[in-house]
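Undergrad: Dock chain B against the given chain A, drawing on the hints supplied.
Number of protein chains: 2
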Amino acid sequence: TKKFLSEMVEIAEHAKKIARDDPRKVIHSLKVGLALNLVSLLYYIQPLYRNFGENTMWAVMTVVVVFEFTVGATIGKGLNRGLATLVGGALGLGAYHLSSIAGKPGEPILIGILVFLQAGASTFIRFFPRVKARYDYGMLIFTLTFCLVSVSGFRSDDLFELARERLCTILIGASACVIVSIFVRPVWAGEDLHKLVALNLERLGNFLEGFAGEISNSTEAKEFENDVQFRVGVNGILDSKNREDILANLARWEPGHGQFMYRHPWKQYLKIGNLTRQCARRVESLNSYLIPKTQASENNDMIQVAFSNVSSESGKALKELALAIKTMILPSSANPHITNMKIASGNLKSFLKSDFCEDTNLLEIMPVAAIASLLIEIVICVENIADAVNELASLAN
Amino acid sequence: TKKFLSEMVEIAEHAKKIARDDPRKVIHSLKVGLALNLVSLLYYIQPLYRNFGENTMWAVMTVVVVFEFTVGATIGKGLNRGLATLVGGALGLGAYHLSSIAGKPGEPILIGILVFLQAGASTFIRFFPRVKARYDYGMLIFTLTFCLVSVSGFRSDDLFELARERLCTILIGASACVIVSIFVRPVWAGEDLHKLVALNLERLGNFLEGFAGEISNSTEAKEFENDVQFRVGVNGILDSKNREDILANLARWEPGHGQFMYRHPWKQYLKIGNLTRQCARRVESLNSYLIPKTQASENNDMIQVAFSNVSSESGKALKELALAIKTMILPSSANPHITNMKIASGNLKSFLKSDFCEDTNLLEIMPVAAIASLLIEIVICVENIADAVNELASLAN
Chain A
1 TKKFLSEMVE IAEHAKKIAR DDPRKVIHSL KVGLALNLVS LLYYIQPLYR
51 NFGENTMWAV MTVVVVFEFT VGATIGKGLN RGLATLVGGA LGLGAYHLSS
101 IAGKPGEPIL IGILVFLQAG ASTFIRFFPR VKARYDYGML IFTLTFCLVS
151 VSGFRSDDLF ELARERLCTI LIGASACVIV SIFVRPVWAG EDLHKLVALN
201 LERLGNFLEG FAGEISNSTE AKEFENDVQF RVGVNGILDS KNREDILANL
251 ARWEPGHGQF MYRHPWKQYL KIGNLTRQCA RRVESLNSYL IPKTQASENN
301 DMIQVAFSNV SSESGKALKE LALAIKTMIL PSSANPHITN MKIASGNLKS
351 FLKSDFCEDT NLLEIMPVAA IASLLIEIVI CVENIADAVN ELASLAN
Chain B
398 TKKFLSEMVE IAEHAKKIAR DDPRKVIHSL KVGLALNLVS LLYYIQPLYR
448 NFGENTMWAV MTVVVVFEFT VGATIGKGLN RGLATLVGGA LGLGAYHLSS
498 IAGKPGEPIL IGILVFLQAG ASTFIRFFPR VKARYDYGML IFTLTFCLVS
548 VSGFRSDDLF ELARERLCTI LIGASACVIV SIFVRPVWAG EDLHKLVALN
598 LERLGNFLEG FAGEISNSTE AKEFENDVQF RVGVNGILDS KNREDILANL
648 ARWEPGHGQF MYRHPWKQYL KIGNLTRQCA RRVESLNSYL IPKTQASENN
698 DMIQVAFSNV SSESGKALKE LALAIKTMIL PSSANPHITN MKIASGNLKS
748 FLKSDFCEDT NLLEIMPVAA IASLLIEIVI CVENIADAVN ELASLAN
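These protein sequence lines map, in sequence, to chains A and B. No gaps in the numbering here: position 202 of the first sequence is 202 in my numbering, and each next residue is one more. To get my numbering, take the position in the second sequence, counting from 1, and add 397.
The hints are simulated quantities; they were obtained by calculation from the structure and are not laboratory data. There could be a bad hint or two in this list.
Partial selection, computed: residues in chain B whose CB lies under 7 angstroms from chain A [to be verified]:
1) I415
2) K422
3) I424
4) V429
5) L433
6) N434
7) S437
8) V457
9) G509
10) T540
11) S549
12) R552
13) A609
14) F627
15) I726
16) A766
Some but not every residue of chain A turned toward chain B, in silico, with C-beta under 10 angstroms [claimed, not checked]:
17) G33
18) L144
19) D239
From the three backbone atoms N, C-alpha and C, an ideal C-beta is built for every residue, glycine too.
With the rest of the complex left out, here is chain A (with noise of 0.2 angstroms):
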């Protein structure tokens, strides 16, 4: 039992980080609640309940299935949901009416044959990439509501009103999420995803602030501590694009909201996230580099200050295009950075084609000829990034 004990204090403080964390995931289970007893009662009004009976349960199976955690997927998954129930539902009734001309014994088996056709059909169309993203759930239903149609219609007498309850219910539901998501503490996916990339590129551009500051003055004692936060920092930015994608398919449901208009250029914002991870590719290597102290030669004492330059000036570039994208103004404010950084590129380039190396051998060069050329690729990297969110802006407006 003390085992069992430790391990219930154990999930309870992990229950109050993942709370700490994001204290809108506590917010969203109360809403959960909130709109399941909305929806309860039509079961406890007797006037309700009289209009649709036993169908009543549809709707407090929408508002499980349907309430997600942000506005985007539950728009998205309660209109699936309202659409395909019509759609099914008018096809099911079709279905039933068609395998009814061919009289009682040969019913069930056109209705058998129907079936498999559609659901064959709709399960192969759910293996499409751009189905799959934003209309997988829609096509469940789709198949659940045909099937049911026009199989129970086979035992049942009035199968129309039979589905005009059910599609009301469902629509109730449906609504009862919405109106919940969007009116009380909405959890916007769009906002989210602006949030992720804006806080990437910060991210990335402490990394290189950072990387600037441990050529100038090493300081080995907190070096692996840093190491760790580095590591996990950087993997975080490079694992982050299926968030990017998912948020960007589900801001796409969401009306305007905030800063954000209707149809605000999501798109763009995963490619400023692709441009980010490339980035972040070349930072990650960067710091698998240690410079090699050994000779305080006056070149070595000059390379590192072009280094420190071209890293710093990167840095601080990156961190005003984020700035740029939280407050959504134009980058201009990245703008000098930029330029101080290419003239710092140029300085290193300059620098490393006047004959640097007198006698000494190349796997001495290689760290600092490593450094000096990924420096250089990650420059690149800033400008496209930079074009990106001045096309973003321009889209954006």
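TA: Just chain B, lined up with the frame of chain A:
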């Protein structure tokens, strides 16, 4: 209408491509149709229908919702749904009886509070990463069943009978899915993971061998085409993390099949996959350098031979490792290549230590130095991968 026709043709071609790329998707669609028709028999055959009446529809719903592409996903969803219905139904019955003690006016209020607490708690628990990975669907169905039973208990006469019939039909539906999924041309998530990891290793090996070939004889004509192929291939490897994680999660639900026993070390595949991606990032950087052809000095020739040796041997080692995974044998055939690779890497290092740069500037040497340092890193990556593959072999016996 002409535009409509051409669009239809386009969609048909898209569908044909999906079917040709993975014919299992077509078979899966047919399997869904088959399973649906199996449970439809519950409607058509009078003695079966008498058992469950209207609740037969839960069998149809379960099939549509539970049947997934892989066996693991189907079993996982089926188990989740079955267990969650059982537990949710039992607790729902308890909640209903508890609140019925309160008497008519208080009853809906008490049920409402219980629903609110239950829905809030389970929604929050779904945010736990470990729950999300394996029991997300179960928590959803748990909430659904609890709410349906406790809330509709307010209007139903024989709640226990209702719950029993629904549980039975859901179990029938889930069993139909699992049986069809396992016995008709099964698609195993574990096998897919196995093949994906081996394929990624093999592709990486091919790239490294190709790089070796490019160094020895520069065939610039085919370069662009190769480059596009290369980009697509490497991005495929880099982006496969999410897919591997999902497959490993699903594989854990699967019983033993083919060469795999139950509790095959699926996690080890994720480790190999992560190491493969680390290596792929280096290979990606490698590709961005062109070896300067300007000076055909003796030094240059020698270093090109060293480069070519390291990359061809590491490529061969990776391909042997991939083959060992595929055929599930001990990766001993990779050992000679790993030895050669280490020797070549050692040669490269000692060669670099010798005075290499003579009256040449750093900017020209930089690509050579960068390639050298990347190749040395790749050698370390390959050694790590070999260790991980050996570990997999010993874990799996």
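Undergrad: State for each hint whether it applies.
TA: Status of each hint after checking the structure:
no.	hint	result
1	I415	holds (6 angstroms)
2	K422	holds (5 angstroms)
3	I424	violated (10 angstroms)
4	V429	holds (5 angstroms)
5	L433	holds (5 angstroms)
6	N434	holds (5 angstroms)
7	S437	holds (5 angstroms)
8	V457	holds (5 angstroms)
9	G509	holds (5 angstroms)
10	T540	holds (5 angstroms)
11	S549	holds (6 angstroms)
12	R552	holds (6 angstroms)
13	A609	violated (20 angstroms)
14	F627	violated (15 angstroms)
15	I726	violated (33 angstroms)
16	A766	holds (4 angstroms)
17	G33	holds (4 angstroms)
18	L144	holds (4 angstroms)
19	D239	holds (7 angstroms)
In this structure, the hints that do not hold are numbers 3, 13, 14 and 15, in rising order.
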